[in-house]
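Build out the structure end to end from the sequences listed, making use of the hints.
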Amino acid sequence: MLSTINPANLVLSSEQWTGLMPYIILLAGSIVALLLGTISFPFSKNSKAPVFLFSCSVLLAVIYWTVSHWMKIPTQVFNGVMTIDYFSSFFNVLLASASLLVMFGSYRYLDKDQIHYSEFYPIILIATLGMMLLAATVELLSIFVSLELMSLAVYVLVGMRRRDRLSNEASVKYFVMGGVAAALYLYGVAFIYGALNTTKIADIAVELTTNGTMLLSNPILLVGLVLVLVGFLFKIAAAPFHMWAPDVYEGAPALITGYMATALKAAVFASFIRISVAFFGDRGVYHLGSMQAMMHEILWWAALGTMVIGNTVALMQNNIKRMLAYSAIAHTGYLLLGILAGPSVGYSSIMLYLVMYVVMNLGAFGLLGIFSGSNDSALTYDKVAGMAHKHPYSAAAFSIFLLSLAGLPPTAGFIGKYFLFSAALEAGEVFLVLLAVITSVISVFYYFKLVVQMYMKETTSETQYHKQASKIAYFAVVICVFLTINFGLFPGQIVEAVKKAAAF
Amino acid sequence: MLSENALSVLVFAPLVLALGIFLIPKSAEFFQKLYAMFVSLVVFAFSCLFYVNFQSESTNYQFIINKAWLPNIGVSYLIGIDGISLLLIMLTTFLVPIIILSAWKAVEKNVRNYLFFMLFLETTILGAFVSLDIFLFYIFWEAMLIPMFFIIGIWGGKERIYAAQKFLLYTVAGSVPMLVAIIYLVAQHKMQFGVYSASLLNLSNLALPGVGFFSVQGLIFLAFSLAFAIKVPLFPLHTWLPDAHVQAPTGGSVILAGVLLKLGGYGLMRFAMPLSTSVLPLYAPYFMAIATIAIVYGACVAMVQTDIKKLVAYSSVSHMGYVILGLFALNQIGITGSLYQMLNHGVSTGALFLLVGVLYERKHTRDISAYSGLAKSLPLFSIIMLIATFSSIALPGTNGFIGEFLILQGAFLTNPYLTAIAGTGVILGAVYMLWLCQRILFGSPEPTKSNELSDINFREFSYLLPLIILIFVMGIYPKIFLKKVETSITQFTQKIQITSNAPVPAMEIK
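Top line first, the protein sequences correspond to chains A and G. Oh and the first sequence: position 489 is 489 in the numbering used here, straight run, nothing missing. Oh and the second sequence: position 333 is 1333 in the numbering used here, straight run, nothing missing.
Read the hints as simulated data drawn from the structure, not as lab findings. A hint or two may mislead.
[As the list claims (entries may be wrong)] Computed footprint of chain G on chain A; a stretch qualifies when at least three of its residues, placed anywhere within it, have a C-beta under 8 Å from a C-beta of chain G:
| no. | stretch |
| --- | --- |
| 1 | 326-338 |
| 2 | 359-365 |
| 3 | 435-444 |
[What the hints assert, rightly or not] Lysine-lysine pairs mimicking DSS-like chemistry, simulated, CA-CA at most 30 Å apart:
| no. | chain 1 | residue 1 | chain 2 | residue 2 |
| --- | --- | --- | --- | --- |
| 4 | G | LYS1109 | G | LYS1067 |
| 5 | G | LYS1067 | A | LYS500 |
| 6 | G | LYS1067 | A | LYS457 |
| 7 | A | LYS390 | G | LYS1105 |
| 8 | G | LYS1190 | A | LYS499 |
| 9 | A | LYS390 | G | LYS1190 |
| 10 | G | LYS1190 | A | LYS72 |
| 11 | A | LYS390 | G | LYS1158 |
| 12 | A | LYS457 | G | LYS1026 |
For each residue, glycine too, the CB sits at the ideal point set by N, CA and C.
What follows is the structure, given as structure tokens:
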């Protein structure tokens, strides 16, 4: 509780310093990267390469530090608003790797769209910092701060193609809508504090679990919880708060869209998992008619709507980026199944799915960045017709990602879906699982429509051939292809890691 | 004796060796074909070793490999074969070299990729036949879609994209309920025995409520059999088949009819029926009725086709109906017949599709009316065509007779009325096949119709000959094949009859 802040608690022990180190590295790194962009270097014509290399090494340092000082024992920091544990370390690695892949993929993409590198890389680092903090904070107000740190950076990234009207529109739209969602969230936090006199998730969990039925008669608390939930549903683009996503995803630069669809979503889900323990409780523990049961009901409908809307609307798209945007919404729906399934099996499967999803979706968006000419928002299905003849490797890689997104074995997407659906089925969500598999069939159709275009259609005058992209972008795609297949065939280790991480 | 990992080697050899084809320069198509031919023959020879080393009397699965794969959810890499899978594996490895030889001239673009996909497909099919872990089976089952989708979609006819998408959607739609059933079974194993397991051997110990059509077992049976019935394909889920067959290249049709459809029957025998024995007597009459409809309907529709390939495709619907009929007779004779019919159909329909391919290569049309009096100008072709026809219409002395006879005998013991109706399928089969032969082989050779067509050459003869020999060997001396499966089928029959009340007639054929 806020009244109990004790100055003595704010002194950090060496363990806490160790735990905080990745965040400190990232913060310092982003500031230095920002400064580096202004210096001219004698050995290169502009400072792009130095900034790029420096930013990559910052992220590598974060990954290295996290892996070498893995926090197996949870460490509370800053009076308990932040918990650095296996869970947050896991997300540190995932999020930093995703940012690294985005940087790799965008090396030449930046020139093509005249995006200023000296802003791009530092802002990616700041966004990563926000995401990593999001995965570690366990108090509603700090969650808000991390959320805003991440979101503000991403608003800028979305609008990075300054000469493109779509990109500008997307940025403004995202900013306004995101602002409203943030306001709602903060409003909700105030209500919760008013009702329970606490903003710590652990305390809220105790209150809701022990007095769940009694609290139902407290409208202030109910409004607070619902508003916080709305804030989260907005950020992960779940129905009915998904409206912003297609436009923003379409307008943003391809790699930033990929970044938003994967890393940002993973970070928000990390936080969502943390608050879910309080909001939805453990299945079977709460009684019917309690507050948690009611929240559960609300989320159930959101999951249903998200899966149906995402998949059916994706079916009607003609623009590849828009299709992938709706598919990202559909995947959010699948991920919500894991939240509904509860802590014992559901959360680990969400994390597993997020890993798979980051790998395959970033790969797909990375390739989209390579495919697209000067304007990647205009990449329609016709423009990839017969592409496999000219670019067999790109087409094969793209097909692998699409197969994985569709959830067909032997790819990562299948393993992810299997764990997610089996968790939901074990939790008794039979109807939603059936709906999920039916919508998965629909998704097979729209993903394969692209494969058909690339392999089975003849090339037309519309077909857009891509120029040689940078080697480093191809390298990122190759990593994604390798991991997509590797996680599909040998998921043993990652599953182990996820199981441990989810036991927070 | 074969080494420990032999079965894994057999399954993955085609895929791993197929990767080597990308080392051959793109323009050296001849060497690519030669290499693929070599690979497929090596795989066939290797599978013969399994046939020889297989212990017919043993009631256990053989050549078992069991390795932990995903211990968290009880999934293991568990493979092994019994007599049923042995024969189907042999059929697969036998057909693939024939398909590759038939593609020598027929496939013109991207030969290298075609051959690669074909060998990739072989690995996934073999994998599905050897899997004893239900999760592993699902992976192979779904992975099979990918090469087949490309084979139809890239090398097919005019409407190939439509056909490929239809094939894909039907199969995926069928297999997702199966996935839900698999997840459910694995979770049930955890609930009943404390650990997850996807092994078929463990799952059969599950105690699941099985009273009534929509009991747990009933739903599991429905989920599995939907996937398998689409693959078989059973009326009324067969509509993807004619499109896929007509559009697929010759090799694609042969592997589709020859092996992929068998996976439907095999899946019923291996998974759907043993996992839901209590509800089998409830569902069996309905499946027999549907199978009877499929037999008669398929035959009637085949009769009115004007496209040779479509005719053969609908005859597949009819013939695969027999497989289902025999299987759901739930007695040893019927089931033996079903398995034998699956092999027959692979051989005879495979031959027919190859013959259609031969004609198509020469005249680039599959219209029946475009051909007439071929017996004069293509005598060798006509002889082989007639033999394949005789096999297809189950003439005594050919393999088709043994299969259909056993099925009808087995079905008669369970349901004589339906059997009587299904028996008319044999007559109808003779009608459409012989009528086809009469129209294209006999009659007056019109100069415009048969002119310029050359008889089958040595290459074509050499891939048709093994099929013709097999038709007679299987028809005259079935025991060499049946003795391998006898024990397995007895075991299977006992298993499904433990709780079902179907009559248990003694094994009469020897």
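Hint check:
1. 326-338: n = 0 at 8 Å, threshold three: violated.
2. 359-365: violated (count 0)
3. 435-444: Since three or more residues must qualify, the claim that chain G covers the stretch 435-444 of chain A holds, with 5 doing so at under 8 Å.
4. G:LYS1109 - G:LYS1067: violated, 41 Å
5. G:LYS1067 - A:LYS500: The given pair, whose Cα atoms are some 23 Å apart, holds under the 30 Å limit.
6. G:LYS1067 - A:LYS457: violated, 42 Å
7. A:LYS390 - G:LYS1105: holds, 24 Å
8. G:LYS1190 - A:LYS499: holds, 17 Å
9. A:LYS390 - G:LYS1190: violated, 50 Å
10. G:LYS1190 - A:LYS72: holds, 28 Å
11. A:LYS390 - G:LYS1158: Judged against 30 Å, a Cα distance of about 22 Å means the pair holds.
12. A:LYS457 - G:LYS1026: holds, 21 Å
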